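Undergrad: So you can see what is in the structure, the chains are spelled out below.
Protein chains: 6
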Amino acid sequence: MRYINTLQEGETIRNIYLCKGKRSAETRNGKPYDNLLLQDKTGTLDGKVWDPNSGGIADYDEMDFIECYGEVTSYNNNLQLNIKQIRKAQAGEYVPADYMPTTEKSPESMYEGLLGYVSQIGNTYLRQAVEYYFVNDEEFISRFKAHSAAKSVHHGFAGGLLEHTLSVVKFCEYMVGAYPILNKDLLYAAAICHDIGKTVELSAFPENDYTDDGQLLGHIVIGVEMVSDAVRTIPDFPVKLASELKHCIVAHHGELEYGSPKKPALAEALALNFADCTDAKMQTLTEIFKDKNSNDWLGYNRLFESNLRKTSV
Amino acid sequence: MRYINTLQEGETIRNIYLCKGKRSAETRNGKPYDNLLLQDKTGTLDGKVWDPNSGGIADYDEMDFIECYGEVTSYNNNLQLNIKQIRKAQAGEYVPADYMPTTEKSPESMYEGLLGYVSQIGNTYLRQAVEYYFVNDEEFISRFKAHSAAKSVHHGFAGGLLEHTLSVVKFCEYMVGAYPILNKDLLYAAAICHDIGKTVELSAFPENDYTDDGQLLGHIVIGVEMVSDAVRTIPDFPVKLASELKHCIVAHHGELEYGSPKKPALAEALALNFADCTDAKMQTLTEIFKDKNSNDWLGYNRLFESNLRKTSV
Amino acid sequence: MRYINTLQEGETIRNIYLCKGKRSAETRNGKPYDNLLLQDKTGTLDGKVWDPNSGGIADYDEMDFIECYGEVTSYNNNLQLNIKQIRKAQAGEYVPADYMPTTEKSPESMYEGLLGYVSQIGNTYLRQAVEYYFVNDEEFISRFKAHSAAKSVHHGFAGGLLEHTLSVVKFCEYMVGAYPILNKDLLYAAAICHDIGKTVELSAFPENDYTDDGQLLGHIVIGVEMVSDAVRTIPDFPVKLASELKHCIVAHHGELEYGSPKKPALAEALALNFADCTDAKMQTLTEIFKDKNSNDWLGYNRLFESNLRKTSV
Amino acid sequence: MRYINTLQEGETIRNIYLCKGKRSAETRNGKPYDNLLLQDKTGTLDGKVWDPNSGGIADYDEMDFIECYGEVTSYNNNLQLNIKQIRKAQAGEYVPADYMPTTEKSPESMYEGLLGYVSQIGNTYLRQAVEYYFVNDEEFISRFKAHSAAKSVHHGFAGGLLEHTLSVVKFCEYMVGAYPILNKDLLYAAAICHDIGKTVELSAFPENDYTDDGQLLGHIVIGVEMVSDAVRTIPDFPVKLASELKHCIVAHHGELEYGSPKKPALAEALALNFADCTDAKMQTLTEIFKDKNSNDWLGYNRLFESNLRKTSV
Amino acid sequence: MRYINTLQEGETIRNIYLCKGKRSAETRNGKPYDNLLLQDKTGTLDGKVWDPNSGGIADYDEMDFIECYGEVTSYNNNLQLNIKQIRKAQAGEYVPADYMPTTEKSPESMYEGLLGYVSQIGNTYLRQAVEYYFVNDEEFISRFKAHSAAKSVHHGFAGGLLEHTLSVVKFCEYMVGAYPILNKDLLYAAAICHDIGKTVELSAFPENDYTDDGQLLGHIVIGVEMVSDAVRTIPDFPVKLASELKHCIVAHHGELEYGSPKKPALAEALALNFADCTDAKMQTLTEIFKDKNSNDWLGYNRLFESNLRKTSV
Amino acid sequence: MRYINTLQEGETIRNIYLCKGKRSAETRNGKPYDNLLLQDKTGTLDGKVWDPNSGGIADYDEMDFIECYGEVTSYNNNLQLNIKQIRKAQAGEYVPADYMPTTEKSPESMYEGLLGYVSQIGNTYLRQAVEYYFVNDEEFISRFKAHSAAKSVHHGFAGGLLEHTLSVVKFCEYMVGAYPILNKDLLYAAAICHDIGKTVELSAFPENDYTDDGQLLGHIVIGVEMVSDAVRTIPDFPVKLASELKHCIVAHHGELEYGSPKKPALAEALALNFADCTDAKMQTLTEIFKDKNSNDWLGYNRLFESNLRKTSV
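Protein chains in written order, with the UniProt record's numbering: chain A, 1 to 313; chain B, 1 to 313; chain C, 1 to 313; chain D, 1 to 313; chain E, 1 to 313; chain F, 1 to 313.
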């Protein structure tokens, strides 16, 4: 396996990559060619197939794993691959995990961390609701661990949903210590479950795109329904408490225009909203600043509505 | 029964009213008195208890039905009742329906009208989902018929929810005829169910106020959960279709800032949004113009962000 | 006549098209060429003149009807015409109607439909005002029938203004039946006239672009002035009624930020606003969904602020 | 005539005032009394009729001129009049001008000033359009001179419309000198006419309230129609120039949400918008600061969205 | 000293209170009386002086400390004091601290806590800038300890500025641990200094109101100037670092419409914004929920744009 | 020196230009080439280096002054330079002023004009504060004269800051005459100083880009600090007056969302805001209309949110 971030101008390689994008074009002379976007877990690479009708170029589609043979060249200070041969790879020839951006942390130890918080939930109803998914549902657990938290923006990598959730819960742990009005049990339960709807809103890697339900309902409504499914199985779950837990999911985006149909009406809902929003923004900045070595200005960023740069100290 | 809209200045009456409001005050001389808001289905009346500690005034609370004895006087061109005696009435002494603002139409024939539309839903899954509540659930049916559609604003009377729902469905019937892109089955099902969450969001009359679930979740999320409850009981309900039905509920307020967590993404969701919004606004105007005999300007109205008046023709 | 939607890759044709756009460019080798946008009523086609200075290419300009000789090729899955010869066609060689996108309905029968509503206006002043344009002004009638309702977006084809207007009036017919507070005469008159200013705001086909008055005043102010011109000719037209009719034109966009200098203050103005807005949005969706055979997601749509798709049923 | 701003606590007076407001109330003891708002050109005064049913109190209504007899007292540091007798005054007993807030400047010399600018309009079409109203229409001239520019806010006094208009024209004179892209003739004509619609939007003093046309159409649309009336009488008025003049009226509020259906598209329209807005705001401040002797903070002002105070120098 | 929260209906007291408000009024019978707002550190109490011109009532003004003699009565379920005698107290007769709402925590230990964070600032320039105020400026330190963080809303009590600042710094300590992109030195220095401008924006207790500079410049601009004053005294302070520190002050409100002239452009500025906003909101909720014993709904809260209630667990 | 606006198609030139931009590209055949943006004070010119690796092309970077040898050709109706040889020019070979867009007015006489206003400031404190920079600080004066007022948009040329400032002061002179509530001394001082922060916010020509301080603090905060620096040197400067002067700087953008942390609270601050905004917009229009000879529509302009055209008269 030759990872994309190790390639160098001038070398000729033969390697399997995920074909994340494919777009046909034509030169001024009327000669057709194909633009590819190749991906592995270390990044992406533009590919050019200058002779797409040649015998060496077999059939393939977007999202196929393809073996490419060609030369690494440099164009406008970026590397690209001029591809002479393509063949669709078979399952078994490659390890899918090599082709997905993945959390740098250990999913297992993050999951253990999350379970530690689950066990701190003293209220038995709330703890059972959380355990319904995070302890008892093997299929959910394995999906949750491998999921991203976004199509793009922050935490858009395998394990990102787990990493974000754990980070939000830790944030809530701090807040429970700092603000006595917060109920630890409700806040932990809500924080752990706040984005479980994303396991349905986004398809799994390598696709990682909005599902039909994601488009039509969104992870907030989906998440509420999932919490209801759990609550339904727990005898005598207090009605008011179930509504409070669901309210925290409902209101965690904080503003109607951000997709929460209700504004936070409980202290825990407000705290969860702050923790979620802060972690998302800090992680986004972290991803933006990654690999930037200077404190030069990086240009206007639409999400932050500001030019950005790393600090000088 | 002496209805409030039949009272005349100068007469002395003894009659049972609903005590919708009670507020203690004190004259400048330090004499305490009580301000009451009395209600029956024809309107409301201010009541004054100038001697709340006298023997004739028994214990009573807000939302009690109370028998009042006193004189009808006129103050600032409005009638009020100077109350000498109060006694709490017992169940059986009064007919609750006499005390609630109520639709002027027949709930039974409106319900029949709605069932007519239910039977026109050709898609068997959608029709079963609607029948789950509107045909098979007697408790729901009786609650739905008697419910209001709002705490205040439009359709804030018993039967209002039914009246609004039927009106929206008829609107959709027109649109199905006018715009061939609309699927009749989905639109009818969505229109009939769009506000079922209000049976939980608002308590029944005479209270007619937001419930805990109403505050925390709102009728959109509640309505989606109710649709899910129905769908769960219907074998082989197509997943995509269930999501489409739920999406229409989710998006029927049309804008995120109006409490819909998703904007309409399907033609039926958009049509339902227009029908709901238009009926609500036209009914609100109808209630505003009711009993206005001239086309004088009525003053600035915050909801319509305009001064309003009836037309001269 | 070879309509654009019947062309096939590989054939060589000689046919007259409307030259809707012309833009000169240059290859990397410094060779000039021209990009054309050819149009007939079935669609548009990219044209390339690779040798614009050859003898076969006569003088021509944008908005000319030109006879093109060349080969139909395929580029990026779209057809284009590689043009060898061009000559400007003379009036008489072509039928202009063949070159404009046109309503699929019959203008004559739509116009008859509209007249049917005109005759239902009982108020003699209002009916005369409408007849001033729609019955007595032949030049206006022929212009109105052939006009589009927009430069782009919805109803942007010949006959579109008539089609939209009739659709809005029908919508109002439904509302008059549903909401007794509405005055049929005023609402019909206002609906029929609501967009008459567009006959001045937009130039006729094939140009179909904003006029100077369209840019400076807009169709709302123009429409009010046109109504005033009609009213001025009708003896004893009640002043208040004239203002009410003009108000409905003024307020039909519903919001100041959409270009209405006044919010609806009359029930008919509000109803017209809803009918206009709903028809515009439903027609836009109809045009978007046209020729889409699947219920795949179509991508984010800025006007609807949502991803869109056709329904599965 | 005893002007309100000359009254002193303790004196007993008999004088005619305009009854600008009348509201019945009742003491805690059930005794009815009337609150009046009395007005003359120097200000307003609260009046109390403690015994409205006594023989000395004749019939009268809001907007009547009434002779009051009573004692000037002080309440909460404000003077008020305890009224013993009231009688409706007859035309002839009073000079209406004594009862209206009026510009402190000379209407005649302001009008002369305005005519000076009219004569500077070199373009004969534009000058004739302005003269149609400001030179040839005696009824308009006398109405314009006596009108206010607003129901409340700035320039809400007789002559205020003239004062504001002249001030805006002077502002435009400065701008014509400073910015060569501005056409003096168009800008002067537009500035002089920009608020002529207010003579119809607001009724004359003493009422000074929105008319039916004012509510339904607003002074911008009315003003455009008035300009059209003038243009129609002038042979060969260039079409484009007429539209430009009307555009300046249409766009002079600068923003759609402020009631202009078009944003300024010409330099003169933009300049007029700035002149109008600046003069309105500076005059509002002038009225707020009037009679304030200190530079203490005056409290939050909603129009300026700020606390305000006079400057220390 | 009889603290307000210990008074009981029926008792007669003689005690010194701060006269926080004084407003003259008049009974319907024309008898003048005074409404007072009395304050000590435990709360506020309405006072009534029914006979303000009696000999027992000496001269006094708002913000005076006054000895009141009178009877505690109950009105509308609230206690009030019917005052028979008033005399202005002299300095020395009372302890000012008894009359101000005050943090429940120890200012000294909070200050010690803050110093602990100061000492953790490794960067010598940043630490010196903070020490300029928090270690070396005795007058500042004593003012800072006694200041409130707001006129009303959250932390509006003596010591509130210190309490809020320490809480924000602790929040930042958590974030430094959670997000490695944050520079501890810059974030601590910025957090400690972020609201120092409030010592100038608001006057000291008991007045605690906006100063002239507070109105004209606001605590953000004032704070930047104070940081500049400190930086100017420190030799070789890196220019870029000084700007970064000032930027964190400038941007700490996060949005232009909240009064920050720049959006956060550095990670530390963003983190400070989140810490400040979260602490302010959580403390506001804490103050709202204080003394509420049930989880009943508390009514719509404008700041949170939601109805609010305590959680059921 | 061959100025760009004198070049003609077909000629071959050798001349020094400022290399304002440089971007490498590649033809479809894989041949690299460079796109240059050449600038002198009369405009800009595209340059193409088709053979960047040839011996005639020496090393150079953006913002270098380079001698180019090549042929002037025409592409798409615009001239461009096909460059054969490039060599970096040495200081002394060129006059930098020849390469910057520069005010068409005389900086010296504009500066004299500004000094005239300085001398009219009667208040000795305010005049000294202004003189601190505009009379006594030679370095500042020379920088201020040569600075632009913007990176792009209006007055984005050398001398633009002086030209804009003088124009704003003249505007204020008019307003002082028109509105007696304005204090001339404060308004002149504030107007002269309102944009002095731009000398720090933007780097000098030829770079003319945001500095680090410009990004982090902005010219409003920088300007306030500069005023403070001046005030600090003037004995007995009245505190209130200093705050008023600084407030005018702080509030001169008029709205929080435009970067003013405070809305105008003084008449002079409001007047300065209007003068600044009006001059900026009128100058922007002037630059847009420059060299436009017709009154054709120029297309939608985002800043003015409107299509724009010159007037027909």
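A couple of the hints might just be wrong.
Pairs involving identical chains hold if they fit within one copy or between any two copies, as the list cannot separate such chains.
Claimed, not checked - List of simulated lysine-lysine pairs, DSSO-like, C-alpha gap at most 30 Å:
#1 K292 x K184
#2 K145 x K48
#3 K22 x K184
#4 K240 x K41
#5 K31 x K184
#6 K292 x K240
#7 K184 x K310
#8 K281 x K170
Please keep in mind that the hints were generated in silico from the structure rather than gathered at the bench. Predicted model, so just to flag it, every value in this text is computed and none were measured.
Undergrad: Taking the hints in turn, state whether each one holds.
TA: Do the hints match the structure? See the list:
1. K292 x K184: Intra 38 Å, inter 19 Å, cutoff 30 Å: inter-copy only.
2. K145 x K48: neither (35 Å within a copy, 52 Å between copies)
3. K22 x K184: neither (49 Å within a copy, 39 Å between copies)
4. K240 x K41: neither (45 Å within a copy, 33 Å between copies)
5. K31 x K184: neither (65 Å within a copy, 49 Å between copies)
6. K292 x K240: Between copies only: 18 Å across chains, 49 Å inside a chain, cut-off 30 Å.
7. K184 x K310: between (35 Å within a copy, 14 Å between copies)
8. K281 x K170: So K281 and K170 pass the 30 Å test inside a copy (16 Å) and across (19 Å) alike.
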